[in-house]
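Trainee: Sequence:
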Amino acid sequence: MKLVCVTLFVCVLASAEQLFQIEGEVVSTEGNLPGIFRAQLEAQSGAGILRTPVTPDGHFHFLAIPTGNYTLRILDSADRELAEQGVSVYDQSQRVTVSLRESGSPRIHQSENTVTVAELKHKPNKRAKRAAEDSEKFAAQGDHQRAAAALEKAIGLDPLFVWAHGNLGAEYLLLHRFTEAAAELQRAATLDPAAAWLQANLAIALFQSGNPDQAEESARRAVALDSRNAKSRYTLGWILLRRPGRAAEGVRELERATSDFPQAHFTLADYYRAVGDTAHAKRELESFLSSGAAANRTEIEGWIAALR
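Reminder that position 180 of the sequence shown reads as 518 in my numbering, one-by-one numbering, no gaps.
Possibly wrong hints are sitting among the right ones.
In silico SDA-like pairs for lysine to any residue, Cα to Cα no more than 20 Å straight-line [what the hints assert, rightly or not]:
#, residue 1, residue 2
1, LYS475, ASN463
2, LYS461, ASP481
3, LYS620, GLY583
4, LYS461, LEU513
5, LYS467, LEU495
6, LYS475, HIS460
7, LYS464, ASP481
8, LYS491, PRO531
9, LYS467, ALA487
10, LYS475, GLN524
11, LYS464, ALA487
12, LYS464, GLN479
13, LYS464, LEU498
14, LYS491, LEU513
15, LYS491, PHE476
16, LYS620, ARG581
17, LYS464, PRO497
Keep in mind the hints are simulated off the structure, nothing from the lab.
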């Protein structure tokens, strides 16, 4: 799996208020940037948050930054946090390097509204259900460690609780515990082989843990179980783009997903940019803007401008 590094250069701007300019560069160890990123700078004092796009060649900058302590985060196109680094800005230039893993991973599915036969047949006991409800609260707060612990408790109280197994696998994915995620999702899929969301998440876990053949099989199984599920098609397309000789099929799957899952436009833009087709990359980002699903229009417009 590729690693990229983020290097920050902090330069003083002449100012009575001692403002600084932070110039950063995202550097890939393989020579090319594997995704669309943005940088977020948050004052630890709570004074505010600044965001700026990372250009396709890996550069970004913040202007007029006061002295103080900050948290730098690198976010991918779907707003997933890839890395976090403390940055102190005072009276001298400095360089900060952050290592992060490849961006662009497919979104992890939580349990879906469709109820399968396996879920109808098994009703969790009250204590297990209470622990599962606790996990949802922790997950909503972004505390995935405690969410996972609550789900582990739920499974201990009711080993046949499919929902808990599946969502524990999802929490492990968010914690980058990929091997454990694959094992947990396999248990869930064995208990409920008809659940497409379990197969899609299993595909992600298998791919991230170094089993691409099995990952592709699970992704195809997810689509076969529910061909109308755009998230499953997105997962299959994301995996196929990374499989030798499968890129064309991957693009088709992602294109089919865009109508119900507009974020697929980002992955298509990443792919086209990587192969040097900036015209198509720009088109996909413009399509995302047109979909009405974009929450950060100004930043996306910045990426489009950088592709020209």
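Trainee: It remains to establish, for every hint, whether it holds in the given structure.
Mentor: Verification of the supplied hints:
1. Our distance criterion of 20 Å between C-alpha atoms is met by LYS475 and ASN463, whose separation comes to about 19 Å.
2. A threshold of 20 Å between alpha carbons decides the hint, and for LYS461 with ASP481 the separation of about 27 Å lies outside it, so the pair is violated.
3. As the CA atoms of LYS620 and GLY583 are separated by approximately 24 Å, the hinted pair breaks the 20 Å bound.
4. At roughly 28 Å between alpha-carbon atoms, LYS461 and LEU513 are farther apart than 20 Å, so this suggested pair is violated.
5. With a C-alpha separation of about 9 Å, the suggested pair LYS467 and LEU495 falls inside the 20 Å cut-off, and the hint holds.
6. A threshold of 20 Å between alpha carbons decides the hint, and for LYS475 with HIS460 the separation of about 23 Å lies outside it, so the pair is violated.
7. About 23 Å separates the Cα atoms of LYS464 and ASP481, which puts this hinted pair outside 20 Å; it is violated.
8. A hinted pair counts as satisfied when its Cα atoms are at most 20 Å apart, and LYS491 with PRO531 does not qualify at roughly 23 Å.
9. In summary, the hint linking LYS467 to ALA487 is supported, as the alpha carbons are separated by about 14 Å, within the 20 Å threshold.
10. As the CA atoms of LYS475 and GLN524 are separated by approximately 25 Å, the hinted pair breaks the 20 Å bound.
11. The suggested pairing of LYS464 with ALA487 holds, with an alpha-carbon distance near 17 Å, which does not exceed 20 Å.
12. Simply put, LYS464 and GLN479 have alpha-carbon atoms about 23 Å apart, too far for the 20 Å limit, and the pair is violated.
13. The suggested pairing of LYS464 with LEU498 holds, with an alpha-carbon distance near 13 Å, which does not exceed 20 Å.
14. Between LYS491 and LEU513 the alpha-carbon distance is near 17 Å, which keeps this suggested pair within the 20 Å criterion.
15. For a cut-off of 20 Å, the pair hint linking LYS491 to PHE476 stands: about 14 Å separates their Cα positions.
16. Proximity of LYS620 to ARG581 is assessed by CA-CA distance (about 24 Å); at most 20 Å being required, the pair is judged violated.
17. Our distance criterion of 20 Å between C-alpha atoms is met by LYS464 and PRO497, whose separation comes to about 13 Å.
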